[in-house]
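Spelled out, the chains give:
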Amino acid sequence: MARVTPPSMGRSDDFGAFSIGPENSPGEDAEIVEGNAFDVFDVPFTDQTGFTHFMDGAERKWRVGFYGLHPIYLAHVSAGLLKREERTVLPPEEGRYSTGRLECFAPETAVAAATLAGLKCTPIKLEEGSTSAMVETQIRDAVQHAREHHEVNLAATFENGEGWLLIDGGIGWPLRVNARLAHAVGIVKTHSRQYVRSGASVNKLLNMRAGQRSALFRRPNDSRQGNEALSCYLKLRESSDQGPFYGLVRLEIPDLDEAKGRIDEIAGWVLAERTPLSLPDPRHDRLLYPIRLVETYLKALQPSPAAVLGFLG
Amino acid sequence: MKQASMEDNEVPSKSAQIGRVFGTEDEPNTAFTFQFWAIRQAPVGIGTLVKIVGEDVVVYGAVVEAKGFNDLESPLHEFIAMGEDASGTPPTKRPEIRVFEAAVLRREPEEPVGAPPIGPVFLANEADVRMALRTDKYVDKHGIPIGCYGPQSDPVAVHLDARFLLGPEAGHLNVTGTSGLAAKTSLIQFLLSSIFQSHRDEAADPGEKGVAALLFNTKGADLLYLDESGETDLDELDRTLYEACGLTAEPFAKVKYFAPYAKDGFNLMTIRRNAELEQKNPTLPFTFGLRDVVRHAEVLLNRDDLDAKADGYLQFLNEKFVEGSSSTDGRKGGTHHANNLAELLKIVREQKDLAEQERGVLSGHSQFTIQKMYNRLSNLERRFSGIIAEGGAECGPFDGPFESGTVYVVDVAQLSSDAQDLVFAAFITKLREAMEAQELGVGKLIVMLDELNKYAPSGAQETYVLKSLREIAARGRYMGLTLFGAQQFRSRVDKEIVGNAATHAFGHVEAEELAQPGYSYFSPAVKEKLGALPPGEVLLKHPHFTQPIFLRFPRPACLRGSDGMRRFVQSKPRAVSELILDQVRARGGSLAPCQDALDALAQDEENLANVLRQLRRLGPREDPLPVIRTGKRAAPRRPEPTAVIQERDPFE
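Line order of the protein sequences matches chains A and B. Numbering-wise (my numbering), the first sequence opens with residue 1 and increments by one. Numbering-wise (my numbering), the second sequence opens with residue 1001 and increments by one.
Hints may be right or wrong, so weigh each one.
Unchecked claim - Under 10 angstroms between C-beta atoms, here's a sample of chain A residues computed to sit facing chain B:
id, residue
1, Pro44
2, Asp47
3, Phe51
4, Arg84
5, Arg87
6, Thr131
7, Asn203
8, Leu206
9, Asn207
10, Asp241
11, Leu279
12, Arg283
13, Pro290
What the hints assert, rightly or not - In silico DSSO-like links for lysine-lysine, alpha-carbon gap of 27 angstroms or less:
id, chain 1, residue 1, chain 2, residue 2
14, B, Lys1141, B, Lys1219
15, A, Lys189, B, Lys1093
16, A, Lys83, B, Lys1280
17, A, Lys299, A, Lys120
18, A, Lys299, B, Lys1541
Claimed, not checked - Partial chain A-side listing against chain B, Cβ under 8 angstroms, derived:
id, residue
19, Thr49
20, Leu277
21, Pro280
These aren't lab readings, by the way, just hints derived from the structure by calculation. Just so you know, even glycine gets a beta-carbon here, dropped at the ideal spot from N, CA and C.
Work out the full structure, taking the sequences as your base and the hints as a guide.
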C-alpha cells in the first residue's frame, strides 16, 4: 500500500536561497509594476481554467564510462507541447514533440573515441585544473541547455489563437524566439533567485495563504532566464507541517497589457489546476497535474537502460 | 491521455488496430498467454478474439482477463487530490488504460512455438475467427453450427466438427448450467436442429446412414412440443443468429412421443394428453416386458432385498421360466413358462409351496428366499403399474429400427423416481445392446439425458445405469451412439462419463459449483462471467478450440414447454372407448363402422384396453377397423322369456 509522499525540500528550496549574496541575486528588490509596494492579494475563486496547452521538457542521462577520471554520459532530451480537450490531455499533434537522438557528452579529449563509436557527441571543454565534479556539472548544464533548446523551439510554434499555454518554467527564452507569444504563462517551481529582499516583503511572501498572489513585479532580462517578463508569486497550498515554500510557485507572463490585465484570472486558472493532485510525485505541492502528464508522456518515450546498454553493445 | 486518431464514441471497425502487445520484466508474455492494451472505444471483453500481426507470425488469442488502471498508486492519493470532495470535477482527467490478458488460440505458422510478438492487435473478423478456432479445416465438409461469436449486430457462425461430436474421432456433448436459464435444453434443441439440417453422411462409411435422437423428458414439458412451431417467440436477434448459422428456424419435422400408461392401464401418463395433439401426432405407449423386469430387478428392488441368495434365485427363475421352460419342482410334472409377471408369480407361489413340503429347500433355494422374492415381486406390479406390460409384451421406441431425421421423446416426467430408474436402466441397456449389435437403424443415434448427476453420480457405487452410461461414453462413438448429457452440477457427475465427452458447454453456473476444482482451468474473469452468463450464451470447449470460447445461440424454433401447456391443456383421463375413437380419427378411419364394431365388443375395460393397445401400435395410415374387430365380442343376448297367459287354465 503506497502512502502519501510528503514533498521533499529540494536544493533550491533551502531557505538560505533567500539570503544568497548579491552576486547571484538581483542586487535590489524587483521593480513592482502593480501598485507601489509588494502587496499580497486574494485571487478571486474560479473552478474554470483557460489553459488549453501545456509544455514541458525532459532529460535523462546515463554515466556510461570514464575517460581518465572524467565521466562520459549518454543523454536523451525531449520536449512536448500537449493539447487538452474535454478534460483529456491528448498526445502531441504533428510537430509538437521534439527530441534528438541519444547523444554523448564527453570531455573534448574523448570525443574522437565516442565519435568512432557512431555517437553524436557534444564535447565538454576541459580547463586547467578541471576536476571530475566540475566536468560533471558542465555536462549537467550542457544537457539542460540541450533540453531547453527543444523547449524553446516548441514554444515558438505556439500561436496565440490556439488558446493559452502553460509552460513548466520561465517564459524568457520562449519570448526571445517568439516575441509575439502573448497567451503563455510560465510556472516556476523552484526559488533559487530572490526577487524581494526587504524584511517586510519577505515576511509577506512567506506568510501568504493558499489562494493568494503577490503584486506583479518585473523579472529582468537575464542570461540564464532570457527575456524579461512580468512575474508574481502564487500560493497554491499551505500547510503548517511543511516548509515556507510549500505550495509556492512563481508565475511569469509576457509584459503585455492583456496578460497584465488578466493576472487575477490567470492566477485563478492556475489555482483551478490544483486538482487532481500529482501524487505520488514528491513535488505534488507545486507540480500541476497536466504538466505531470506531459512529463509522463516524455518519460515514456525515453530509452530504457536496457535499450542504452543495447545501443552501446 | 487518449489516442489522438480515434473519436470518443467511434467504435473501431473489425479491420482497425485496437491496441498493442506489451510485455514487462515482471509480467512477460509466454508461449500461451500475452498481454495487450486497447483503446477505450474498442469492444474488447472476456472471450473476445483478437489477432496480433507480427513481422513473420500471426497469433490469435482469446481474452481471458481484463484490467484497468490509471496513474494512482493508492486510492488515498485520489481522496486527497479531490480534497475529500466526491462531487468535484477536476479540469484534467487522469489517463486510464485498459489492459487485457489473452490465451493463445493459434499461431500461423504453427512452429516454432514462441512468445507472441510485441505487435499491433486487431479484432478478429470472420476469417480470423475461423483461423483462430481451426474451423477453416473442416467447416465445409463436417461443420455443424452451434452458435455465433461476436457482437449481436454482426455475428460469426462457429462450427463443431461432426466427426468429433458424433464420432468416430471423438464424441459426446456435456452441458452444464443452472436450471431454468435457457442453457441446457435450449442449446441441445438448437444443436439437434442444426445437426439434422447440416449433417452429411460420409459416402465411404459402411453401415446405416442418417441421424436420429432419443430424448428423455425427465421434468416439465420442454421436450413435449418439439414439432409445434414457436416461431412467434423468436426475436430479431434469434433470426439474425439463425441466418448467420445458415439454418432455418423451424420445429422438428418428425417427432415420436412415448409415455407410460397411467394406473388405469389405457390413458397415457403425459402432459401431452390433449385431443388436438392426439389428432396431430398421437403419443405412443411404452411398456416393459417380463424379461426387462427380471434383468433390471436390481433397479426395481431395494439393494437390501437383492442379496446374493435372492439374486441367485432370481437368475434361476430367469433361466428356467423366463428365458426357458421347466418344471416347477425341477424333477417332475409339466413344464412352465412365464410370459408376464402374473404368471411368474404363480410359478414362484408353487415353488414356495413345494419348498415347504421338501424340508424347506427347493433346487438349492431356501423357502425363505423364495418367500421373500415372492413378496417383492408381487409388490412390483403395484409400484410400477403402467410401465410393466400386463400382457407381458413390451412396446416402445425399440419396436422397430430408429428412423433417420426423427426425434424420439420418452416422457417420464410424471413417473416416480424408482420408475424413472427402471426406464433409464432398460432403455440404456437396450441402446447398448443395439449399439453393440450395430442394429440402431441409423448411422448416428444421439441420446439426451438430463440430470446426469442423478443417474451417473460421481463416486457412487456402480449401478446398472452407470455401467451402461460408461460403456456408451467410452465406446459409443465407434458404434454411432452419442450421449448428450446435461446437469446442473458437473462436479457431481461420474468423471469417466464427463471425461469421455469431447465437447463441453457451460451456461450460467452458480458460484458454489464454480468453486469446485474442476473449474480451476478457467481464469477468474472467465469464472466471473460464467457466474453471470445471460440466457442464450454458453462457453464452449471443443477439441479443435485451443481455448474455450463464449458463444450466443438462438432460441429453438419449437414451442416452449410452458407455452405448450397453455396452448394444449392437458385433458382429464378419458374413457377407453373414447380413446379408441381418438385412434380411429387420428388414422383417418371411418368413424361409423368403427363405432358399430366397438359397440359389438364386450364392454369390459380389459377387453377394450387390449384393443386400444393394438390400435396404438398401428401405423399412421393403417385401417383401425380390423383391429377393433379382433376384440372379444359381446355374448349374444338371450331373448327375454315372455309370460304367456292362456285363456284356459290348464289346472282346471
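Violated hints - listed by number, lowest first: 1, 6, 7, 8, 9, 10, 12, 14, 16, 18
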